[in-house]
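Model the full structure from these sequences, guided by the hints.
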Amino acid sequence: MLDLLLERPSLASLSAEEARLVQVLRLWAMIQGASQCPTQAVAERLGSQRAAAHLHLLLEEVAAIWPGPFAVGPLCCRRLSHDEALFADMLRLGRTDDQPAFDRLLEDMIPADERERLFVSAKALSRSLPQR
197 MLDLLLERPS LASLSAEEAR LVQVLRLWAM IQGASQCPTQ AVAERLGSQR
247 AAAHLHLLLE EVAAIWPGPF AVGPLCCRRL SHDEALFADM LRLGRTDDQP
297 AFDRLLEDMI PADERERLFV SAKALSRSLP QR
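Under this note's numbering, the residue at position 29 of the sequence shown is numbered 225, and the numbers go up by one with no gaps.
These aren't lab readings, by the way, just hints derived from the structure by calculation. All the pointers check out, no bait thrown in.
Taking CB as the label site, the calculated pair distances span:
hint: 1; residue 1: 263; residue 2: 327; range: 31 to 41 Å
hint: 2; residue 1: 304; residue 2: 233; range: 26 to 36 Å
hint: 3; residue 1: 232; residue 2: 297; range: 29 to 39 Å
hint: 4; residue 1: 253; residue 2: 297; range: 18 to 28 Å
hint: 5; residue 1: 231; residue 2: 292; range: 34 to 44 Å
hint: 6; residue 1: 213; residue 2: 253; range: 18 to 28 Å
hint: 7; residue 1: 295; residue 2: 232; range: 31 to 41 Å
hint: 8; residue 1: 235; residue 2: 313; range: 13 to 23 Å
Beta carbons: idealized from backbone N, C-alpha and C, even for Gly.
Structure representation (structure tokens):
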């Protein structure tokens, strides 16, 4: 049981789009951590200024709501932090407009009204991404 809890999913276990978004999240965190504005670099990787703005808004919501520090791995890491795995799940559920599953995913961590804000932001980001 403990091994299951400690197991970290692999970046390769995600869809190509989810893996790309986790990598963009890591880039955003790295640039933000260097006290620089990540918007342009993120927009270039996402192919959209609007998507970069939605990512920024979602991450601001996460920073305000998350029960602890949001763990983001380095760009070169092949394993996901638990928070990154939740982030990928949040985006997938936002893209598919599955709010009941989104609520179940986060209900033990985040109150309902704050989950609603995260869902709206995840859905907006997912819908703002250019189709590939």
